[in-house]
Amino acid sequence: MTSASSKNPSSSSPAETLSAGWWRTPWMWLVVGGPAVVIVASFITLAIAIAGADPVVGGSSVQPAHLRQATGNQ
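The sequence shown: position 69 = 69 (UniProt numbering), numbered continuously.
Since the hints were made in silico from the structure, they are not lab data. In this text, a Cβ means the ideal position worked out from N, Cα and C, and glycines have one as well. Certain hints may be false.
Here are the computed distance ranges between Cβ atoms for each label pair [as the list claims (entries may be wrong)]:
hint : residue 1 : residue 2 : range
1    : R24       : V56       : 47 to 55 Å
2    : H66       : G33       : 30 to 38 Å
3    : G21       : G52       : 36 to 44 Å
4    : L30       : A51       : 26 to 34 Å
5    : A20       : S42       : 28 to 36 Å
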């Protein structure tokens, strides 16, 4: 009769499987990678929004439509 370890010598023990680094697990990259990409993209979007911000329009240059028609400025 043969022992269990001699039947399949290429199988690894549970201790060896658990000692593999977390970075070698593909599911970890799927779970952590998606939110990480979204966070990086949000910071890039924030930088674009700050760099290309529209100028603030002063209150005196904006007139309601009924006032523009009354003064003739269209």
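Hint check:
Between R24 and V56, the C-beta spacing of about 52 Å keeps the proposed range 47 to 55 Å intact. The given range of 30 to 38 Å is broken by H66 and G33, whose C-beta atoms sit roughly 55 Å from each other. The supplied range of 36 to 44 Å is met by G21 and G52, whose beta-carbon atoms lie about 42 Å from each other. For L30 paired with A51, a C-beta distance near 32 Å keeps the hint of 26 to 34 Å intact.
A beta carbon spacing of about 32 Å between A20 and S42 agrees with the range 28 to 36 Å that was offered as a hint.
The structure is inconsistent with hint 2 alone, although it conforms to all the rest.
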